[in-house]
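**Q** If you want the building blocks of each chain, they are given just below.
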Amino acid sequence: MSEEKKAPLRTPKGPMGPHAMGIGKPKNTKLVIKRLLGRLKDSRLKLFFVMILMLIGSISMLTGSYFLKPLINNYILPGDFAGLAKGLIILACIYLIGSAAIYLQSRIMVKVAQKTVNSLRKDVFEHMQSLSLRYFDSHTHGELMSRYTNDMDNVQMALEQSLVQLFSSALTFIGVIVMMIVLSPLLFVVTAVIIALMLFLSSTIGKRSRTYFQKQQKEIGNLNGYIEEMVEGLKEVKVFTHEQQANQGFYKINDQFFHAASNANFFAGIIMPIMVNLNNICFALSAVFGGILVIKGSFDIGSLAAFLQYSRQVGHPINQISMQLNNVFAAMAGAERIFELLDEEPEIDEGRVTLVTVVQHGDDSLEIAPAGQHTGHWAWKKGEELIPLRGDVRFHNVTFAYDGINPVLKNVSLFAKPGQKIAFVGSTGAGKTTITNLINRFYDIQEGEITYDGINVREIKKDDLRQSLGMVLQDTHLFTGTVMENIRYGRLDATDEECIEAAHQASADSFISRLPQGYDTVITGDGANLSQGQRQLLAIARSYVADPPVMILDEATSSIDTRTERLIEKGMNALMEDRTVFVIAHRLSTVRNANAILVLENGQIIERGDHADLLEQKGRYWQLYTGQHQLD
Amino acid sequence: MLKKLSVFLGKYKKLLVWIPFLMAVDVICELLIPFLMSKIVDIGIPGQDIRYILRIGILMVGLACVAILLGCINMKLSAVASQGFAANLRRSLFEKIQDFSFSNIDKFSTASLVTRLTNDVNQLQFTALMGMRIFIRAPLMLVCSLVLAISINARLSIILIVAIPILGLAVWLIMRKAEKLFSFMQTRLDALNSSVQGNLVAIRVVKAFVRQVYEKTKFKKSNDELMQAAIHAANTVIFIMPIMLLIINFATISIIWVGGKMVGAGSMGTGELISFLSYIMLILINLMMVSFVFLLAARAKACGQRVLEVLETKNDIYDLTANQETAKQGKIEFCHVDFKYAAGTGDYVLKDISFTANPGEMIALVGGTGTGKTTLVNLIPRLYEATNGQVKIDDRDVRDYTLEALRHSIGMVLQKNVLFSGTIRENLLWGNENATQKQIEKATKVAQAHEFILSFPKGYDTQLEQGGVNLSGGQRQRLCIARALLKEPSILILDDSTSAVDTATELLIRRAFREYFPDTTIIIIAQRISSVREADKILVLDSGQLVGCGTHQQLLENNEVYREINSSQQEGVVA
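Quick mapping for you: the protein sequence lines, in order, are chains A and B.
Residues are numbered in the working numbering as their position in the first sequence, beginning at 1, plus a constant of 5.
Residues are numbered in the working numbering as their position in the second sequence, beginning at 1, plus a constant of 72.
If you are wondering where the hints come from, they were derived from the structure by calculation, not from laboratory data.
Bear in mind that the values here come from a model prediction, so they are computed numbers and not experimental data.
Ideal placement from N, C-alpha and C gives every residue a C-beta, glycine not left out.
Hints should not be assumed to be uniformly reliable.
Stated by the list, open to error - Part of the chain B face toward chain A, derived, beta carbon under 7 Å:
1. G134
2. R162
3. T182
4. L212
5. V268
6. L272
7. V282
8. M316
9. R378
10. H408
11. D472
12. E476
13. A477
To be verified - In silico BS3-like cross-links for lysine-lysine, where the CA-CA straight-line distance does not exceed 27 Å:
14. K257/A - K168/B
15. K290/B - K257/A
16. K415/A - K386/A
17. K148/B - K220/A
18. K252/B - K466/A
19. K116/A - K252/B
20. K51/A - K293/B
21. K252/B - K120/A
22. K240/A - K83/B
Unchecked claim - Have a look at the derived ranges for each label pair, beta carbon to beta carbon:
23. V79/B - V527/A: 53 to 59 Å
24. I57/A - V219/B: 51 to 57 Å
25. L60/A - I115/B: 47 to 53 Å
26. R49/A - T495/B: 52 to 58 Å
27. G302/A - K249/B: 51 to 57 Å
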């Protein structure tokens, strides 16, 4: 199998990337600029320095062109070569200073831009860690990822290149105009019409081009979405011989993209020839009228030469401004989206009770253990009070709805005494997974109370609460890294021996040893190179290493054959001492040994008892277990 | 490689003929302008000939207008041609990928295929566009400017001839180094983004294990490393502008010095000097553009190779016959079938499998994880091909059917339940495009899906988001079963397809199968004994070999492996 990791989808970038990438303009330009400037506050001095360098650079370039006038008039025509030499040396110095300024300015901007983007990325990532699960449920991964990829890229490019280019082009443009006026106001007036036309066309075409880019972006989204779906679902396509239809669908979208993209390319492209040649017309007019003025005697050739040089330099800055404006707009739109993310409310946590390691003395009194010591005993610290952690979880009349309106759990009450194995059974959608989402406060309940060792879970700090709970979830997720690292995720300071022992207990050791590099085998892409069953075994091993007082198993072993599951059960039994375990499974064989079985239906507990009790009742459990729907 | 890719220009090839021609005219127009200007200064002014100046002026303006027109046409042609090229390329790639067999897909991985279809094609298109615009124009400009410069004054041109290679070399070297640094930065960037994505996908795990601080530290490290790489790369590139300016400026100074002397000596006109200076700018800028295109081409080469790799892969499962007859009865036979994934390497995943399934029977496959059950059923619709031995359906080798006819007769529900964006109805119709509502409902009723579909406000017209995320696992499975049933297949394969469905519902589904599809041969892979107990035949697999075949009772008596599986699911009630 190919080892390629999935690189997030992006369009070509680099030193010669195509023009504006982002989608449209920001909604509130002023606000975005203000915030961006806020982020640049630390680099204020550097930016100031950069502006000075930009000025130096532009002035030196402009002066260079102006120099032609005295060079020609004062030295070349009269034939003063000593003077020419001196003049040229001065010119050389001016050019050197200009080049150095440009180099320095770029170097500083690169650092500023990269540091800004670096800190933006960091802030976004850290903020993301604090957001509630509800946010992740309501936003697609694609959307969030595009903050990191497209939007960050645009901001970076804008800061690094576009802004500077924009300003220096503006400076150059103004400078050129000023110089032209200084040299000959009359000539300038003649060319002013053309220059105005250039400005007008550049802005109109620029706007048009931006519209088409937005269209192109939209079509890219459609195209990429379709391709991803069809290629990911390729096996389905084959099994249903759907190839023809899939192709037909593609042709349509491909065509749409073709039209949008060619228009976008076209409009972006024609600015150049139009600007360059309008510039040439400018040049022509200057030459003609300038020539006439010289003949009339009111103008000299040196000035004409300088003027002509300047008139050649009008078009380029206009071009640059138009190009970079697109980039800057896209960047601002991206920055706006990034700021929106940063403004999202983080997960609320009013809990004050924390989890501490304690030392248990002979007389059953507790004392907080010194830092770094592992005693295997824990307690809740409520103010000054220490309440031993035992794993007593109770639900008191809990009602909960994901959307706040349609309750998924209705008036549910249950209790788990420390060390008990509680099983939840019921049909899909009955509310089993929901219960586990509530114990560790992934979501908060609307009515009722959940207590943990007698403390309302709302009062416990979320991180500490979750640390005391071990979870093996329905969708197993692994991280890119070695098998050992993934197991160690359960407890970061676990030794290699402890991890391997955990793998033994989870019966994962046998398949791990058969992997190409054993425990050092690298897992990629959320465990794509392992089978479903192997991933679950790893997830179980990970939880083992965490060694939590309460374990929640959510359909953990449904993709593992019952033979392997029995082996795991052996290990799990040993670990279940002094631990409260909640098991949710469809497999009734998993549930056979539970202390108490709670049967859920439509968000309510309809039966409870142990296996033998419930079979006797011949109720829902009995139906589910024996696979009979009606009493025969 | 260029030749292979240029095939995709297709009908746009004609446009390519026009482009160089138009560009040539455009270049000439543009180059004439400084030349004409020199005439004004050197002839018109000294000669005090206003009319001459006006005539030349009009000519210049006219040429500029022509150049605008041609430039716009060129842009249109190059935009259409390059996008057309990309569209054709994409089309061929997509069709090719649709044609791929499972083993072809395994070789590439879906993520890489998607990248090739999107990013790589885009890069090629961009290169083609820039290539068409710059690669023809720039060298032409370069050569013509040089020629003109030489014709104005050969001696002065020597300076240019010296400056050109220096600039070219400098830019080329810098860009090459930058290129390496940029692609290094790119890998760091992709790694960072991949890890962010992984974090997103596994956010529940991060929260459950309270690893936020750990993740933040990890992120900071990658983020900082990325910044270093990016600064390093950018710092190399920023040399280009100043160096270019320096070279241009020094060429200018030298030309003014030497040219100035010539003007003083009378061997050159002032106008010529001024126009010479214009040519420098033109030459050196175009030189830079040529280097850029070379660099683009280097990057595009990698993309081109990846694209061609896909296009040149031979599809290893294709129609070997034109016989379009389908399989009506559904008798399956495996005769000494061996299978391994990659020819020549690795172990055999299946060894010497032989069994028969008669039409209408229900066959169950049981065995531990990774024993080869899915592999076995994949051989039936020829999603993979047996390495040795024969798979026969209705007494015909599966290779003796066209793929369409074969798969038409087989309904399959895979382990991973994939639904597509669209309505429930549209998804179901994948089984049979022309199914009537009645037929659809028959299938969904058997699959026990009809009720929950109707429980949605829009029923069958409910829109499914991104692969069915608004449905529960069990609902997705049942929809996939209904989809397969809609085919009314002679053979139905269920690969662990009821794992998310509770036992009671599963029983209903099986009962409905028996009632409404009594003639369909059903093959079930399942973990639960309760699912397989009623099967006509149970096949027990262990390490790729068939270690047991018989009914539930027979296997309980004779087969140890089966007994072990069964005892782990002991029923409370002893039969």
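**Q** Please go over all the hints and tell whether each is borne out by the structure.
**A** Here is what the structure says about each hint:
Among the interface hints, the one on G134/B is violated; its C-beta lies about 9 Å from the nearest C-beta in chain A, farther than the 7 Å criterion. Hint status for R162/B relative to chain A: holds, with the closest Cβ pair at about 6 Å, below 7 Å. Residue-level restraint check for T182/B holds (minimum Cβ-Cβ distance to chain A is 5 Å; threshold 7 Å). With a least beta-carbon distance of about 15 Å to chain A, the hint placing L212/B at the interface is violated under the 7 Å criterion.
Because the beta carbon of V268/B sits about 5 Å from the nearest beta carbon in chain A, less than 7 Å, this interface hint is met. The interface hint given for L272/B is met, as the beta carbon of that residue sits about 5 Å from the closest beta carbon of chain A, less than 7 Å. For V282/B, the interface hint holds, the least distance from its beta-carbon to any beta-carbon of chain A being 5 Å, beneath 7 Å. Because the beta carbon of M316/B sits about 9 Å from the nearest beta carbon in chain A, more than 7 Å, this interface hint is broken.
Below 7 Å, beta-carbon pairs count as interface contacts, and R378/B has none with chain A, the closest being about 10 Å; its hint is therefore violated. Interface restraint check: H408/B against chain A, minimum CB-CB distance 26 Å, threshold 7 Å, status violated. Given hint, D472/B at the interface with chain A, is violated; its Cβ is 17 Å from that chain's nearest Cβ, farther than 7 Å. For E476/B, the suggested interface contact is upheld, since its CB lies about 5 Å from the closest CB of chain A, less than 7 Å.
A cut of 7 Å between beta carbons decides the hint on A477/B: the least distance to chain A is about 9 Å, and the hint is violated. For the given pair, K257/A sits about 17 Å from K168/B by alpha-carbon distance, which is consistent with the 27 Å threshold. Taking the CA atoms of K290/B and K257/A, the gap is near 43 Å; set against the 27 Å cutoff, the hint is violated. For the hint linking K415/A to K386/A, the alpha-carbon distance of about 32 Å lies beyond 27 Å, and the restraint is violated.
Simply put, K148/B and K220/A have alpha-carbon atoms about 18 Å apart, close enough for the 27 Å limit, and the pair holds. At most 27 Å may separate the alpha-carbon atoms for a hinted pair to count; K252/B and K466/A exceed this at roughly 48 Å. Annotation: proposed proximity of K116/A to K252/B holds, straight-line Cα distance about 20 Å (limit 27 Å). Straight-line distance between C-alpha atoms of K51/A and K293/B comes to about 25 Å, which keeps the hinted pair within the 27 Å bound.
Of the supplied pair hints, the one linking K252/B and K120/A holds, its CA atoms being roughly 22 Å apart against a limit of 27 Å. The suggested pairing of K240/A with K83/B is violated, with an alpha-carbon distance near 33 Å, which exceeds 27 Å. Evaluation of the 53 to 59 Å hint for V79/B and V527/A yields a failure: the beta carbon distance comes to about 39 Å. For the pair I57/A and V219/B, the beta carbons lie near 43 Å from each other, so the given range of 51 to 57 Å is not met.
Checked against the hint of 47 to 53 Å, the pair L60/A and I115/B fails, with Cβ atoms roughly 40 Å apart. The hinted range of 52 to 58 Å is satisfied by R49/A and T495/B, whose Cβ atoms lie roughly 56 Å apart. Checking the proposed 51 to 57 Å range against G302/A and K249/B shows it holds: the Cβ atoms sit about 55 Å from each other.
Consistency note: the structure conflicts with the earlier hints numbered 1, 4, 8, 9, 10, 11, 13, 15, 16, 18, 22, 23, 24, 25.
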